[in-house]
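These protein sequences, in sequence, are chains A and F.
According to the working numbering, the first sequence is numbered sequentially starting from 1.
According to the working numbering, the second sequence is numbered sequentially starting from 1.
What the hints contain is simulated information worked out from the structure, not anything from laboratory work.
Everything numeric in this text was worked out from a predicted model, so none of it was measured.
Built from N, CA and C at the ideal position, the CB exists for glycine as well.
Don't take each hint at face value.
As the list claims (entries may be wrong) - Lysine-lysine pairs mimicking BS3-like chemistry, simulated, CA-CA at most 25 Å apart:
id, chain 1, residue 1, chain 2, residue 2
1, F, 161, F, 201
2, F, 384, F, 463
3, A, 6, F, 8
4, F, 383, F, 463
5, A, 96, A, 83
6, F, 383, A, 5
To be verified - One side of the interface only, derived from the structure: several residues of chain F facing chain A at Cβ under 10 Å:
id, residue
7, 95
8, 99
9, 100
10, 425
11, 438
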Amino acid sequence: MNHRKKLNAISSVILTFLILMTVVIAIMGVMVGINSLVNLYSSALDESMRHLSQYRMGQIIINRTGDYILFTNIGPSDIVVDKVVIRTITGDIEVKDVTTLCDHRVIPSMGNIRCSFTRGEYIAFILPDGVVLYPEEPLIRAQHLVFNSTRIILSKFDVGTMGDLQARFNVTPELIAKPYPTGRAVSNYTGMNSTFIPILQWEFNNTSIVTPSTGIPFGIVVVGLDPSWVVQRAQNPQLELPPRFSILLAVPRINETIQISGQTYGFPSNGARLVINNFTGTIRIIANNTVIACSSSMQGICNVNKSAIGLWYYGLRLGMRIQLNGTASYIGNYTRSSPSSSPTRSTSYLPYLFIGDIDSNGSNDLLFITEDVNYGTNDAVNDRDTWNSIDIVDWSTRPLVLRLTQIGVELGSPDGSIDGRVIGGLILFINVIFHDNSFPDDNQLNDIQRTDWVLRILLIDENGNEILIREYRYQEICLYHKTLVVDFDRDNYFTKISQSIFVNIPEPRRYWLAMSIQDPYRAEGNTNDADFTIGIELIGVLPIQRY
Amino acid sequence: MCRRRFMKASSEAIAIVISVAILITVVSYLVYALSLLTPGYDLPGRITSYVGEELVLVMLNETATGGMSLGLKNVGSAVVNITHVVVIDRDGLGRYIVSLENTTVCVVQPRTILPGRMSTISCLPRYMPIGAVSNNGRIYTLDARIYSIQLRTFVGIPMSKIYGGVMVESTSDLIGLIDPPHILRSGGVNTSLGFNYVYEKYNVTIRGNINASLVITGRNPVNSKLNIMIIGFSRGDTRSFVEIRDQNNRLDNITLSSVAPNRYRIKIENFIGTVNTSLGIIPCLVNNGTTCRIFINGTADRVVIYGSSINATREEGLDPYLFVGDIDSNDNTEILFITQDFTTGNRSSINDQILVGGALTRAVDTNINPLRFIFSGQPINGKKYSAAVLSVRLLFWDNSEDDISNNDNRIIVRAGLYDNTTGSFIYATYLGYYELNRYRSVRPFSISYIVRDFVINIPPVDKDFYVGLEIIDPFLLEDTVNDADIIIGIEYVGIVLSSRWEQ
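Start from the sequences, fold in the hints, and give me the full structure.
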């Protein structure tokens, strides 16, 4: 009995041990099983991550060019393409080897392959390891094309002829209409007046103009590179274009003649202004029978260093003459006449405006010139033709407003306006020149006492209201010029005055940026009688966006 | 009874065994699990941040440098840390994954991108960034759907400094800017009072007692050392001397009246010590009618003395006329060009002329060739840029008491775009005497800084141009007019460039 009990106890212990082991193994097994399952899931996730990465690393965009299609890889690694899935024009889906359609199998990062199949659709590219890439057309989203880089818009006077001024700068037509005499043509023109107004007596197209070889005397001469040549030159900088010139010549009454189209013309009456456009030939400035300056369309003609390009004042007074020999697209002769010879008793701005590059720096200048013959002190009328004993004082009856539409056009409005909701301001950089005939320069404020404006920068709203931004009055701007120059090599009538002007654009309307010029001085006795030259070359505009 | 006892004992034993088994199992599982489960616990966190990360990449066109950089916008919900950048060579041949830890090839600013924020990758010009890798190992590349080039948004107007700050510390640093450099030594100025090159030494101690008509003192903004130019004369003045001891302890004692009685210009560069002058331009003779005495004692990196002993017209280099230093303590170093020496004048007298000891000393100077600075650090290509605004800050003074009655309207400053293949300006603007004389008072001496913004038209040619600036004293002497001597200084030159916008 005791022995049996003992055996029974031993078997119980063994049984217990076995049960124990089974339980432990079972529990452990379950635990380990769960873990390996987790590892399995984990490695599947790693695999999908790898796949995802590979997918993300390959980005193909479609770039259609017409004859063929470029596929650009914008991902960071090269893509080896095995097959291309296409849909043909009939709607069939076909899987083709890439080399049957495209020039390469490998699309380098940031590189292209060129595929010739254009009459259908590219659905997908299949890579050798089974990854499928879908080429995408880039969607250019407007908010990613933020217009906010520094941008300086240049407003230039790149007009081929004076007639383009009206279209490009929205000038009131009658202010720059041709001032024909009474009876010649029905013409509505106004804006300027004078003691003797310049009236367009005759004009020629495509003709020759030749002065005597000793030249003719002049009051003032402006010589510039012709605006059409400046524009042509800027568009073809590599071409050696023979220069063409634009000339404005103010001549008092003289007993000398010029040949136009082979016929002889004189300067009787009270003098004249000759406008010569697109002149091909030679221009010489002569003093004391010596050529002191020369410019020519032909090489080897001029044998002095100084160019004739620029402004030459008081030729008659300083004993200077101008010699011309060449052909011109247009010649207009504005004869100084009594205001009664005009149907409007006035004239337009046309005889007073000049466009051309007067300093050969590649930019056209717009000049407004009321000076004709002479300079004077506060004891005399400045522009007095002492040789014929007449005064030639010119003044404005209406300002000439030029809308700088190029700025609005560049900012996206075809009508040249500036949208106040988008543009909060403009910073203008302008180059201005000024010269007048009040002499001597340290007495000009006694001669010209009335403070009046000669140049304005304006905003014009949709209703035509003018908002004044900045005005230049005579007394400010006269300080920078020299009336009389005799040392033409080193002395200067003026240097360009550079000015920066901030223009606040009000909300929420549209505005045109404009400049306005006038000669406000018609002489009060011997004072307030300035005739002058004002010029604008470049206007640079830095637009400021409204936030 | 006995069987019952046995049953009870065995059930106790089984209970104990089961308890022990559970205990062993739990303990051994814990031991096993601890060794196993570290990555297991980490996994959910990684998944969360991996899934929550999302960057959108956009190419940025850096119009200022012409290079491309990559913008990273965090549009996800998790913070993204960038550890690597994928770049390609400009020629597209090389491709690199650049670790940000140890490279200067690319900069990511900032590297940690909070949700909703933007970061930028900029690389050296040779490399173009095209992708980014986060610390979770995710790789981001450009998204085809928004593959458009975003023009970079700037706060304010990006202006490139052409000259300003501390680009030069001494006149010898100007060699790199002046064109042609040899003009410093010869062919620069025509003077009525030729100089001798009297003395020059480097790293010296200096002691002196100097008769001065005009003193200019500027500081080096970096080390606060002084650059000093002393202009004066010493005819009949035996007190004026300069004593210089070099590193070899050699002592030179220069009596100025014996080497330079008519005029001297002494340049002392990078000076530390005591000197009885203050920063700026001190025109003793112009303002007071008498000269002043400068007492100087200290060390200097360079001392150079130019002197005149006889009245003789001669051509000189520009070095005696140039000064470098910050004269108004605004941390911008001025470059000054000085032809002024002694005194003032008017239309019926010669401006820079004095009577000393019964002898007339005339010190009129004019440029033979302009002092031309070409800032070659910033090439401006006509195909890339259509326009520019050139901003110049300068100062001007001249010695003509009756202004425009004394001098013609000659050009003094010319600034523009310079073509160094033809040696000419393709576009230039000018400042003439009639304008510049408005900004100064002759006596008492006063100047105002002039800031000018010139708009520049750049021709559309595929050629590099450079900003050029010329300074000219155009006046020597014609009878008693056109004889101004000047002081002109440039403090700052900057440019705003406008990209050419192809239609």
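Here is what the structure says about each hint:
no.	hint	in the structure
1	161(F) / 201(F)	33 Å, violated
2	384(F) / 463(F)	9 Å, holds
3	6(A) / 8(F)	15 Å, holds
4	383(F) / 463(F)	7 Å, holds
5	96(A) / 83(A)	6 Å, holds
6	383(F) / 5(A)	110 Å, violated
7	95	6 Å, holds
8	99	15 Å, violated
9	100	15 Å, violated
10	425	8 Å, holds
11	438	6 Å, holds
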